[in-house]
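Numbering follows the numbering used here, with no gaps: position 66 of the sequence shown is 66.
It should be emphasised that the hints constitute simulated quantities derived from the structure, not laboratory data.
Even for Gly, the Cβ is constructed at its ideal location relative to N, Cα and C.
Treat the hints with care, as some may be off.
[Said to hold, decoys possible] Taking lysine-lysine pairs in the DSBU-like style, the calculated list, with each CA pair at most 35 Å apart, reads: (1) Lys262 / Lys169; (2) Lys262 / Lys165; (3) Lys169 / Lys268; (4) Lys165 / Lys203; (5) Lys268 / Lys203; (6) Lys268 / Lys165.
[As the list claims (entries may be wrong)] Per label pair, the in silico range of CB-to-CB distance: (7) Asp60 / Glu257: 33 to 39 Å; (8) Ile278 / Asn220: 53 to 59 Å; (9) Cys141 / Ala265: 17 to 23 Å; (10) Val67 / Gln238: 38 to 44 Å; (11) Ala216 / His276: 38 to 44 Å; (12) Thr85 / Leu253: 22 to 28 Å; (13) Arg147 / Asp79: 41 to 47 Å; (14) Ile278 / Ser233: 41 to 47 Å; (15) Trp28 / His276: 40 to 46 Å; (16) Asp72 / Leu151: 37 to 43 Å; (17) Gln190 / Leu131: 39 to 45 Å; (18) Leu151 / Glu211: 18 to 24 Å.
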Amino acid sequence: MDVMHNPVTRFLTSLQAGADIPLRLQLWNGMHHDLGSQPRVTVNVPGPAALRYFVPPSLDNLAEGYVNGHFDVDGLAADIVAAATGLAQVGVGVSGQGKFGRLFSPLSHDRVKDAHAIEHHYDVSNDFYRLWLDEAMVYSCAYFPTRTESLEQAQINKLDHILNKLMLKPGERLLDIGCGWGALALRAAQNYGALVVGITLSKNQHALACERVAQAGLGNQVEIRLQDYRDVSARDGQFDKITSIGMFEHVGLNHLEAYFDKINALLKDGGLVLNHGITSTDPDSGVTPLG
């Protein structure tokens, strides 16, 4: 029986087409595919699942696959960098469509995949993030109006800038989507008198945020949930204000419309939303050759 299923064969053939990269893909079944006439780098692929990091073969995907131990690479460092860059460049023409692409497309998002992605990104350990974040552990860009502030003060500036833009008032209900370790939720409750629901998919963030709420004695004002934004329901009522800070990059291009529709459904008439994220004017920036 041919263990090289047709979708995999077609995909590897598409990588080879028009490429002259000094790279050999050594496959789990003993077969190999050379992407150039004189391969100086060998990627040892232990199974079909590892090929997901080649769809498309951007530098981000390749680095993630290697760092997470999904395949090994043999060769000199300079040759490896050159091969990876060349592979990423041909990735523009490798869409990963069809059966193989549907199985492994990096743009696909659902609750399970999103939860795993957040766990991979944020559940390294709280101690790791303490090493380089401010005391409140705010994981998004700070606000330095005079360029002389400490990181701690700049993060407070950012939180206040957000809450002041929303014109947050005592007693108003605030939903913080992707609340992290709870810094904005705590600030909104302590300094603005708001009633806050914060949601996160990270177990470590949830645990520490709940601990901080309890330590601050704000359990009657702040609720931190381990919850997907799609699961906030009408039973929760609508909110006067909604924040989403550095979170919607995780939503996925194909789900942005549903994401904003959900926010709109959860917002009271006349309410305000502040959505902060990193975007690009490049229409193809969702997946680029170099990551």
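> Does the Cβ distance between alanine 216 and histidine 276 fall inside 38 to 44 Å?
Replying inline: At roughly 24 Å between Cβ atoms, histidine 276 and alanine 216 fall outside 38 to 44 Å, so the hint is violated.
>> Hinted pair, alpha-carbon criterion (35 Å max): lysine 262, lysine 165. Please report holds or violated.
In response: Holds. Lysine 262 to lysine 165 sits at ~21 Å (cutoff 35 Å).
>> 40 to 46 Å was suggested as the range; check whether the CB atoms of tryptophan 28 and histidine 276 agree with it.
In response: The hinted range 40 to 46 Å holds for tryptophan 28 and histidine 276, with Cβ atoms some 43 Å apart.
>> Given the hint of 41 to 47 Å, is the C-beta distance from arginine 147 to aspartate 79 inside that range or not?
In response: 43 Å, holds
>> A range of 37 to 43 Å was offered for this pair. Does it hold for the Cβ distance of aspartate 72 and leucine 151?
In response: 39 Å, holds
>> Range first: 18 to 24 Å. Now tell me if the beta carbons of leucine 151 and glutamate 211 are that far apart.
In response: 22 Å, holds
> Holds or violated: are the alpha carbons of lysine 262 and lysine 169 at most 35 Å from each other?
Replying inline: 23 Å, holds
> How does the Cβ-Cβ distance of glutamine 190 and leucine 131 compare with 39 to 45 Å: does it lie in that range?
Replying inline: Between glutamine 190 and leucine 131, where Cβ atoms are some 26 Å apart, the hint is violated.
> Taking 53 to 59 Å as the hint, is the beta-carbon distance of isoleucine 278 and asparagine 220 inside that range?
Replying inline: At roughly 35 Å between Cβ atoms, asparagine 220 and isoleucine 278 fall outside 53 to 59 Å, so the hint is violated.
>> Given the hinted pair lysine 268 and lysine 203, is their Cα-Cα distance within 35 Å?
In response: 29 Å, holds
> Between isoleucine 278 and serine 233, does the beta-carbon spacing fit 41 to 47 Å?
Replying inline: 29 Å, violated
> Does the Cβ distance between threonine 85 and leucine 253 fall inside 22 to 28 Å?
Replying inline: 24 Å, holds
Of the numbered hints stated above, those contradicted by the structure are hints 7, 8, 9, 11, 14, 17, listed in ascending order.
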